[in-house]
Structure formats: structure tokens, C-alpha cells
Amino acid sequence: LEEISLNEEDTTSAGRIYIKIVFLDLAESMGVEKLLERIRDPTMQPAFEKIFPRDNPNNTRFSINFFTTIGLAYLSFDLRLHLEQARKLAREKAAQDVSSSSSESSSSSTDSDSSDSSSSSESDSSSGFYFFI
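Residues 1 to 133 (the UniProt record's numbering) make up the sequence shown, in order.
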């Protein structure tokens, strides 16, 4: 399984059909709970990291859609959580970038000494927020 990459660029239609047959057979023979347990097993992660990719959102979505389409959506639950967390972090970072750029523009129009101290305390508190998450 370590050799299988499940993404749009590296698989063909025939390859995806093969992966579908393998996973449907595994689900039938092992059972849903046992298969999910194996996929989540930390010692098995190297075998599954290309099938359940977290390297970029497009590959993650492709894998989620694949398993949903073949009727094994429960196998992609962890990927869905990962994707949602990545979206949330991206939104927070974008909000922080907007906030810091607006505070920089407002500090240029006010007294630089007072605005520097307020903007540095803002950045300290926002960086501390990310540190504790």
C-alpha cells in the first residue's frame, strides 16, 4: 500500500478501480471497525500516507471524494477533520494578516511612538494565541 498514491495526477481510471476493489474487499473481510482501526494505527501510517494524503488540499479533497464515491466515506473522516482544521487556520491567518496590515496603515497616520507600542502588543497577543492552540 505504501506504493499507491491516490491523487488525480498519479492514478489512472484503472488504478482507481483497483484501489476501490482492494478497499471494498478489505472492508468486507475485516469489517468496518477493524479497517478503520488499522488505518488510524500510528505504526501503519507510512502505508496509508499516500492513500490518505495531507500534503495539499487538492489531494486531500480528491481522496475524500474517492472514498465517498465508492461508499466508504467513513474512511475519510480524519481527512475531513484535517481539511477543516487547515481551512480554519488559513482563515485565522488571513484575518491576522488583514488585522496587522490595517494596524500598520493606521500607525503610519498617527504618532509613531504610541502606535508602535500598541501594534507590538497586538502582535504579541496574537502570536501567543497561535502558540496555545
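Any given hint might turn out to be false.
What the hints assert, rightly or not - In silico PhoX-like cross-links for lysine-lysine, where the CA-CA straight-line distance does not exceed 25 Å: (1) 50 <-> 88; (2) 50 <-> 34; (3) 20 <-> 50; (4) 20 <-> 34.
Stated by the list, open to error - The following label-pair restraints were derived from C-beta to C-beta distances: (5) 4 <-> 80: 34 to 42 Å; (6) 43 <-> 100: 36 to 44 Å; (7) 47 <-> 98: 40 to 48 Å; (8) 85 <-> 43: 21 to 29 Å; (9) 13 <-> 96: 40 to 48 Å; (10) 96 <-> 34: 41 to 49 Å; (11) 28 <-> 96: 44 to 52 Å; (12) 86 <-> 9: 33 to 41 Å; (13) 98 <-> 13: 38 to 46 Å; (14) 45 <-> 74: 13 to 21 Å; (15) 49 <-> 92: 23 to 31 Å.
Rather than coming from a laboratory, the hints here were simulated on the basis of the structure. On a predicted model such as this, the values are computed, not experimentally measured, just so you know. The beta carbon of each residue, even a glycine, is placed where N, CA and C say it ideally should be.
Going through the hints against the structure:
1. 50 <-> 88: Answer holds: residue 50 to residue 88 is near 23 Å, not above 25 Å.
2. 50 <-> 34: Given pair residue 50, residue 34 holds - Cα atoms ~20 Å apart, limit 25 Å.
3. 20 <-> 50: Roughly 15 Å separates the two Cα atoms, so the pair holds.
4. 20 <-> 34: holds, 18 Å
5. 4 <-> 80: 34 to 42 Å: For residue 4 and residue 80 the Cβ distance comes to about 20 Å; the hint is violated.
6. 43 <-> 100: 36 to 44 Å: Since residue 43 and residue 100 have Cβ atoms about 42 Å apart, the given range 36 to 44 Å holds.
7. 47 <-> 98: 40 to 48 Å: holds, 41 Å
8. 85 <-> 43: 21 to 29 Å: Holds - the Cβ-Cβ distance for residue 85 and residue 43, about 23 Å, lies within 21 to 29 Å.
9. 13 <-> 96: 40 to 48 Å: holds, 42 Å
10. 96 <-> 34: 41 to 49 Å: holds, 42 Å
11. 28 <-> 96: 44 to 52 Å: Cβ of residue 28 to Cβ of residue 96: about 47 Å, so the range 44 to 52 Å holds.
12. 86 <-> 9: 33 to 41 Å: Violated, at about 20 Å.
13. 98 <-> 13: 38 to 46 Å: Given about 43 Å between the Cβ atoms, the range holds.
14. 45 <-> 74: 13 to 21 Å: Cβ of residue 45 to Cβ of residue 74: about 18 Å, so the range 13 to 21 Å holds.
15. 49 <-> 92: 23 to 31 Å: holds, 26 Å
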